[in-house]
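Colleague: One-letter residues, chain by chain:
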Amino acid sequence: MSDTWTDRLSEYVDDDLTPDERRALDAHLVDCGDCRMTLAELRSVVARAAAVTPRPPERDLWDGVASQIGVKPSLDTLAARRAAWRISFTLPQLVAAGLALMVLSGGAVWVGQHGGRATALPELSAANGSGEAGVHRVPIVMPDPHYDEAVADLEQTLQRGRASLDPQTIAVIERNLQAIDRAIEESRQALAQDPANIYLNNHLAEAKQQKLSLLRQAAAIATKHGS
Amino acid sequence: VRLIAAAIVLAGFARAPQPPAKASRTDETVAVQRGTRLTVDNFAGDVVIHTWDKGTLHVVARHQSRRTVRVRQTPAGVVLSASGGMGRADSVDYDITAPSWMPLKVDGTYCVITIDGTQAEVSAESVRGDISIKGGIGFVTAKSVEGSVVVEGARGKLAINSVNETVDISDATGDIIADAINGSIRMQRIASRSVDVSTVNGEIGYQGAIAEGGHYSFASHHGDVLLDIPETSNATLSVRTYNGSFRSPFAALQPPNRSPLQRGTRVTMTMGTGSADVAVESFSGTIRIGPGSRTPRER
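Heads up: the sequence lines are chains A and B, in that order.
Each residue of the first sequence is one higher than the last, beginning at 1 in the working numbering.
Each residue of the second sequence is one higher than the last, beginning at 1001 in the working numbering.
Don't take every hint at face value.
Pairwise CB distance ranges, derived in the manner of DEER restraints [as the list claims (entries may be wrong)]:
(1) B:Q1073 <-> A:S213: 33 to 39 Å
(2) A:E21 <-> B:P1075: 54 to 60 Å
(3) A:E155 <-> B:D1041: 25 to 31 Å
(4) A:E21 <-> B:Q1188: 41 to 47 Å
Partial list, derived from the structure: chain A residues whose beta carbon lies under 10 Å from chain B [claimed, not checked]:
(5) A24
(6) A27
(7) H28
(8) D31
(9) R36
(10) T157
(11) I173
(12) N197
Bear in mind the hints are in silico, worked out from the structure with no lab data behind them.
Beta carbons: idealized from backbone N, C-alpha and C, even for Gly.
The following block holds chain A by itself, in its conformation from the complex:
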């Protein structure tokens, strides 16, 4: 469901509405549960983004982006462009950012605690497609090397501590990991049919978080028993 305010929620979160618009949207939110839910999702993504320490890009990516989307760069320096930019995101973009940050933050915590290899940032790409009704639709194709790397690190830790765990415990953990993997695979297959579907994107991200969480829990148990 959607209404005239749905597309203004991002500006509402960014505090970019005029006072009159804000008051009107506040009044609208009292009666519109759909917008309240969408707003809650937006705030959830923003909260995740806020939890990650900002880091300047290692190189200027604008020229590449501009040539990809057919826009001629009009500002000469990165600093000038930063000063001139007013950044706002559509809902799918925020979901994509949230997914990336979720994976990055999970991996960063693990790497921070246990060490790990330096890695490049994931690349995001977009194409046309379908999605939530009434929202500008941008399908998300997001490779997730950080997630894969975090999973691989944790699996290695678990493998190293395997001997210290009871076989029954290992079997239970593996059975549960398989259950999550099935959920991830089903979500991925559904996303292949409908790449911009916000529910599926969130669902996939949550399933991945669940896998990371279980792997961390299992690795912690293995480490504790092996010590």
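Could you slot chain B onto chain A? The hints should help.
Modeller: Chain B only, in chain A's frame:
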């Protein structure tokens, strides 16, 4: 021949059963000041904690005689642990009576944890072992990988997790986060403004009130989600499923068109004033909202 005979004799000695280690019992009572925390670290065995109104901690531990149970007063509180013998392979069964105000922290591996009557913070973790907590005020945390977790009558901020077994929460008040992977989650007689429940393969059953302005989230991948909430609730329900279905006998929860209820499109419906937000999702299970929704079946 002598060598062979000696080897046979030695092998016989080697295979001879070891005499069983004697069972031993530690029984100790210590005075504790209000606010002192109790920490129990037990690799294997049962930990049973009762409560009383006295300002003392009574510890009874049953263990092998070669094992020593220590009751230590530390700056962090009273710590119970065992040492000696065959190390962690020797189990210790604790029967503890603690002041009801005493915060409790129990860590175990092959450890069944039972806590009854506490009116303080609780943290209980086990790998293979059921956890049962009656009471608990403030932060109440319970985690088990292979065991079920039962929490009754807790108040405060609850974080309850079982990877492979059922989570059962009843008569609880406060903010609740409950999750599982293969396990189901049952919640009965809940009075909370904030509930966040998720499982991958299990079912979710919630029976309780929907508070004005509250926030509720129920999500399962394969499992059904069953909400037994009053028809008079004031809630905005956001229902999403991909391959599942939605049913409700409530007049306010009849979507005008059933087709959007598939493929993950959110359908929003309003009960009463709609003041509480209730998000319900199941990728491939049935979502049912109404009276008498059955509790999840045991797995």
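Colleague: Give a verdict on every hint.
Modeller: Outcome of the hint check:
no., hint, verdict
1, B:Q1073 <-> A:S213: 33 to 39 Å, "holds, 35 Å"
2, A:E21 <-> B:P1075: 54 to 60 Å, "holds, 56 Å"
3, A:E155 <-> B:D1041: 25 to 31 Å, "holds, 28 Å"
4, A:E21 <-> B:Q1188: 41 to 47 Å, "holds, 45 Å"
5, A24, "violated, 19 Å"
6, A27, "violated, 14 Å"
7, H28, "violated, 13 Å"
8, D31, "holds, 8 Å"
9, R36, "holds, 6 Å"
10, T157, "violated, 16 Å"
11, I173, "holds, 7 Å"
12, N197, "holds, 5 Å"
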